[in-house]
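Q: Assemble chain W onto chain B, guided by the hints.
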Amino acid sequence: GKELPAKKAWHRPDFVTIDTGMEV
Amino acid sequence: MTGLPEPTVPRLRPGVRLTRDPARGELALLPERVVVLNDTAAAVLAHCDGTTSLAGIVERLAEEYEGVSAEDVRELLLRLAQRRVVDLHG
Chain B
1 GKELPAKKAW
11 HRPDFVTIDT
21 GMEV
Chain W
101 MTGLPEPTVP
111 RLRPGVRLTR
121 DPARGELALL
131 PERVVVLNDT
141 AAAVLAHCDG
151 TTSLAGIVER
161 LAEEYEGVSA
171 EDVRELLLRL
181 AQRRVVDLHG
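Line by line, the protein sequences are chains B and W. Each residue of the first sequence is one higher than the one before, counting from 1 in our numbering. Each residue of the second sequence is one higher than the one before, counting from 101 in our numbering.
One chain only, chain B, in its complex shape (with noise of 0.2 Å):
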């Protein structure tokens, strides 16, 4: 009786970088 979750779609992994110059 259990549904499982859905799965999300793959989507190409990708990040930004922020340099704060200080502590974050």
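Now the stretches of chain W that chain B is said to cover, found in silico as 3 or more residues with beta-carbon under 8 Å:
1. 131 to 138
2. 171 to 182
Partial pick of chain W residues on the chain B-facing surface, computed with a CB cut under 8 Å:
3. 141
4. 144
5. 164
6. 166
7. 167
8. 168
Hints listed in this document are in silico derivations from the structure and should not be mistaken for laboratory results. As the structure is a prediction and not an experimental result, all values here were calculated from the model. We put the beta carbon where it would ideally sit given N, CA and C, even for glycine.
A: Relative to chain B, chain W alone:
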């Protein structure tokens, strides 16, 4: 070919912390640097525990995501290693 070593058992570098910010989303915090991650990048990093192989990470991601690309994961880890977010070999 990048000349970088292949990721085997990646882990977060010492001093790197994963967190979630309401305004910016998923983040990796480093000294003097913030890395803003999209959701799949954050999911990859969440599995970088220093004991799970690249293949194991892809396997775990496949439990959450449909159509996981091992090449995407590998490329991400190489890019994050260049920015000193992860070590590629535990």
